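Novice: Single-letter residue listing:
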Amino acid sequence: MLPAQTEQTRMSRTGIFFRLSSNWRISNFRCQSDQFAGQSIGSDPDDIRPLIPSDSSEVIGAVRAALDGVPSMARYVLSGEIGEVHCELHCYPCPDHIKGEVACFLLDRTAEADSAAGLEHKIYILDIINQVIKAFAETRNLSDILRIILLGVTAGPGLAFNRGFVLLSNESRTHLWGCLATGPSTPEEAGSIWQDLARRKLSLEETLRLYKSTSGNVEDIHVNRLVASLKIPLTDDDNFIIRAIKEGRSLITTADCIDCQSSRHLVELFGTDSMAVVPLISHDNFQGVLLADNLITRKPISQSDLNVLEIFAKYAADAIENSRLYGKLEQQVCRLKEANEKIIQSRENLVKAEKLSSVARMALEVAHEIRNPLTVIGGYANSSLKKLTAEDKSFKVLEIVSKQVSRIEHALDRFSSVVTLSEKKEGKFPLVGLLKDALGMLASPTSAELPALHADPGAEQLRILIDQGLFYQAMMAIMRRASQIAGGMQDLLVRVGNNGQSGLIYIMGTDNYPNFAEDFYRVFRESRGDLKSQDTAVALEILQHYGGGIGVSSDEKNNLQVYIELPLCTEEK
Amino acid sequence: MKNILIVDDEEDIRSLYQCELEGEGYKTHSVASGEEALQFIGADTSVDLVILDIKMGLLDGLQVLERLRGMKSDLPVILNSAYSTYKNNFTSWLADAYLVKSPNLDELKTQVKELLAP
Chain A
1353 MLPAQTEQTR
1363 MSRTGIFFRL
1373 SSNWRISNFR
1383 CQSDQFAGQS
1393 IGSDPDDIRP
1403 LIPSDSSEVI
1413 GAVRAALDGV
1423 PSMARYVLSG
1433 EIGEVHCELH
1443 CYPCPDHIKG
1453 EVACFLLDRT
1463 AEADSAAGLE
1473 HKIYILDIIN
1483 QVIKAFAETR
1493 NLSDILRIIL
1503 LGVTAGPGLA
1513 FNRGFVLLSN
1523 ESRTHLWGCL
1533 ATGPSTPEEA
1543 GSIWQDLARR
1553 KLSLEETLRL
1563 YKSTSGNVED
1573 IHVNRLVASL
1583 KIPLTDDDNF
1593 IIRAIKEGRS
1603 LITTADCIDC
1613 QSSRHLVELF
1623 GTDSMAVVPL
1633 ISHDNFQGVL
1643 LADNLITRKP
1653 ISQSDLNVLE
1663 IFAKYAADAI
1673 ENSRLYGKLE
1683 QQVCRLKEAN
1693 EKIIQSRENL
1703 VKAEKLSSVA
1713 RMALEVAHEI
1723 RNPLTVIGGY
1733 ANSSLKKLTA
1743 EDKSFKVLEI
1753 VSKQVSRIEH
1763 ALDRFSSVVT
1773 LSEKKEGKFP
1783 LVGLLKDALG
1793 MLASPTSAEL
1803 PALHADPGAE
1813 QLRILIDQGL
1823 FYQAMMAIMR
1833 RASQIAGGMQ
1843 DLLVRVGNNG
1853 QSGLIYIMGT
1863 DNYPNFAEDF
1873 YRVFRESRGD
1883 LKSQDTAVAL
1893 EILQHYGGGI
1903 GVSSDEKNNL
1913 QVYIELPLCT
1923 EEK
Chain B
12 MKNILIVDDE
22 EDIRSLYQCE
32 LEGEGYKTHS
42 VASGEEALQF
52 IGADTSVDLV
62 ILDIKMGLLD
72 GLQVLERLRG
82 MKSDLPVILN
92 SAYSTYKNNF
102 TSWLADAYLV
112 KSPNLDELKT
122 QVKELLAP
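Listed in order, the protein sequences are those of chains A and B.
Sequential numbering from 1353 applies to the first sequence in my numbering.
Sequential numbering from 12 applies to the second sequence in my numbering.
Any given hint could be a false lead.
[Claimed, not checked] DSSO-like mimics (lysine-lysine), calculated; alpha carbons at most 27 Å apart, straight line:
no.	chain 1	residue 1	chain 2	residue 2
1	A	K1738	B	K13
2	A	K1739	B	K124
3	A	K1755	B	K124
4	A	K1707	A	K1694
5	A	K1553	A	K1486
6	A	K1780	A	K1689
7	A	K1738	B	K124
8	A	K1666	A	K1651
9	A	K1788	A	K1704
10	B	K66	B	K124
11	A	K1651	A	K1474
12	B	K38	B	K66
13	B	K120	A	K1738
14	A	K1680	A	K1666
15	A	K1777	A	K1755
16	B	K38	A	K1739
17	B	K66	A	K1707
18	A	K1739	B	K120
19	B	K13	B	K83
20	A	K1738	B	K38
21	A	K1689	A	K1788
22	A	K1486	A	K1474
23	A	K1474	A	K1666
24	A	K1694	A	K1704
25	B	K13	A	K1755
26	A	K1748	B	K120
27	A	K1680	A	K1598
28	A	K1738	A	K1755
29	B	K13	A	K1739
30	B	K13	B	K124
[Stated by the list, open to error] Below, a sample of chain B positions facing chain A; criterion: calculated Cβ distance under 7 Å:
no.	residue
31	D23
32	Y94
33	L116
[What the hints assert, rightly or not] Here are some chain B residues pointing at chain A (derived, C-beta under 7 Å):
no.	residue
34	E21
35	I24
36	L27
37	E31
38	A93
39	K112
It should be emphasised that the hints constitute simulated quantities derived from the structure, not laboratory data.
What you are looking at is a predicted structure, and each value in this text was computed from that prediction instead of being measured.
Just so it is clear, CB atoms sit at the ideal spot from N, CA and C, and this is done for glycine as well.
Input sequences plus hints: build the corresponding full structure.
Specialist: Structure (structure tokens):
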């Protein structure tokens, strides 16, 4: 057994020169100092005998090789009271005149070994962080990211804390919410989990791959219940977690930290007062906090552990922020996509409505041009038939004319109506939604000027049975007319209400144009024969086809308002 | 004998209506425009009913109707048009009836009879 070493002696680079015989006798030794690996070296060869283990196969092999004329070296570790001493024994053959001995040079390599071990540890930590960063890069899903964080913190081939907890801030940054935790709650649970992991001998990468897509271990239910119960207001400045966040620094909790009721409550919940608390901050944006402890092993958390956890937390915070930003971006993209689809749909509906309107106008003109001569031909045929008897020669001919005229007239009735002309796809639609769409179609690409739309309480639930295209056509014709009368949409108000049986769309002027309804009614009456009025005539035909209509009424202040009426869907309809 | 004024820019329609209504025992007069109609009514107070086309030259039937209401508010007017869609319009409500032109004149005759009934 080596004597206890001091840090100073461990750093010694002292070497000892000596000769060693085949029967393990030490002679001619010289030491560069009076100490080696903490042991005092005097002139007695026995002082260095404990440093050369004669039962070490490595040492024996090196000595034998040198005796055979081959320089050799053996490395071995001696156990001391405060640690291990790493030795390096170089053996050289002696000149021919010194038979049966080897020249030895013994070096203390403990400092180098420590340094190598330190380096190895750093590489190990870097490797962990590298693997975790790679895992972060593979997902934008927040749950996956939290699971990766906790696995990195607690996995054996990771940072190997016993338990890890993540608490995140809510959207409005008023509270910290417990989100996810991992780790055992009892030694028995720990034994079972750790034995299983040890048996599988998984690397961190394999562990991450294995657990990333699972919803967590059943063994973790307790800690997850615990973390789910946590909701800490960010105004609770006495709480050690909130303090760490606000000061932006990590800490290892001690009894001194636990100086308020909420902190004491947390310690009771976690079952330990030794815990690493690391804020998750990304680009100055606070995301939450990472907690880790060694509840089961009771291994103290060192400053070095905390430093590693801080580096880890930095990348974790970035991943969380990226995930949250990505989520927001996805929502915005989704909203834009919906808006774009709506615009496309609106444009399609507009084109359809315009086409329908053109067809309707044409049909009306054609019907008018045909109906007048038809009336004359058929009318005279019918008139003549009444004056003749069946025996008259021309009776049969006139009868045929009358019949064919009647046939054309029926066809004309059918073709002169936009309602009968259009291929209807009727359904139950929300009145307010349809109206919004119709008004949206009237907005020009350069100006979104639309009348203010107000829905009475409950109006959003009103549904009507109608063909969407015909509704749009009717509303667009009426609103265009209203807009022409009002000199634009800015002075118009549209309100949706109901009278129990019908949905009512009121169109009125703003305070800038209180006489809108009177003007609307007057213009409606005065502009009969032109093509624009045919559009409104078709609109009225559509409304009437669905049991509705248009009218003028007065409101509670006796102001006139134009209203459009359409029957509401009942349960049976 | 009741006097009926037929206002239509189509001569054949005027002739047909006159022929048919006279056959029913009414006395008829006909004019080809809204302006003539207003002049006729202004001059002859014996008109008992007007059959009024809508689409005519400068002054259309609906404008004539409005002016007639100002001149003789109780004079029965039947709007008679080749357009079916005006039936629902505000101004049409000023008329006592709205009939779409048809080779079958039974409905017109019935309406005339009802409006001229004592």
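Novice: So, for every hint listed, does it hold in this structure?
Specialist: Hints, one by one, checked against the model:
1. K1738/A / K13/B: 23 Å, holds
2. K1739/A / K124/B: Answer holds: K1739/A to K124/B is near 21 Å, not above 27 Å.
3. K1755/A / K124/B: With Cα atoms ~26 Å apart, K1755/A and K124/B stay inside 27 Å; holds.
4. K1707/A / K1694/A: 20 Å, holds
5. K1553/A / K1486/A: Distance ~21 Å between K1553/A and K1486/A Cα, so the pair holds.
6. K1780/A / K1689/A: Judged against 27 Å, a Cα distance of about 25 Å means the pair holds.
7. K1738/A / K124/B: 19 Å, holds
8. K1666/A / K1651/A: With Cα atoms ~24 Å apart, K1666/A and K1651/A stay inside 27 Å; holds.
9. K1788/A / K1704/A: 17 Å, holds
10. K66/B / K124/B: Status holds; Cα separation ~25 Å.
11. K1651/A / K1474/A: The given pair, whose Cα atoms are some 20 Å apart, holds under the 27 Å limit.
12. K38/B / K66/B: The hint holds at about 24 Å.
13. K120/B / K1738/A: At roughly 15 Å apart (the allowed maximum being 27 Å), K1738/A and K120/B satisfy the hint.
14. K1680/A / K1666/A: 21 Å, holds
15. K1777/A / K1755/A: 34 Å, violated
16. K38/B / K1739/A: 20 Å, holds
17. K66/B / K1707/A: 25 Å, holds
18. K1739/A / K120/B: 17 Å, holds
19. K13/B / K83/B: Judged against 27 Å, a Cα distance of about 17 Å means the pair holds.
20. K1738/A / K38/B: Judged against 27 Å, a Cα distance of about 20 Å means the pair holds.
21. K1689/A / K1788/A: 18 Å, holds
22. K1486/A / K1474/A: Answer holds: K1486/A to K1474/A is near 18 Å, not above 27 Å.
23. K1474/A / K1666/A: OK: K1474/A and K1666/A at ~17 Å, within 27 Å.
24. K1694/A / K1704/A: 15 Å, holds
25. K13/B / K1755/A: 32 Å, violated
26. K1748/A / K120/B: 25 Å, holds
27. K1680/A / K1598/A: 25 Å, holds
28. K1738/A / K1755/A: Distance of about 14 Å is within 27 Å: holds.
29. K13/B / K1739/A: 24 Å, holds
30. K13/B / K124/B: 10 Å, holds
31. D23: At about 4 Å, which falls below the 7 Å cut-off, the nearest Cβ of chain A leaves the hint on D23/B intact, so it holds.
32. Y94: 6 Å, holds
33. L116: Holds, because the Cβ-Cβ distance from L116/B to chain A comes to roughly 6 Å (cut-off 7 Å).
34. E21: At 5 Å from the nearest chain A Cβ, E21/B passes the 7 Å test, so the hint holds.
35. I24: Holds. Min distance 6 Å.
36. L27: 4 Å, holds
37. E31: At 6 Å from the nearest chain A Cβ, E31/B passes the 7 Å test, so the hint holds.
38. A93: 4 Å, holds
39. K112: 4 Å, holds
Violation of the numbered hints given earlier is confined to hints 15 and 25; the remaining hints are satisfied by the structure.
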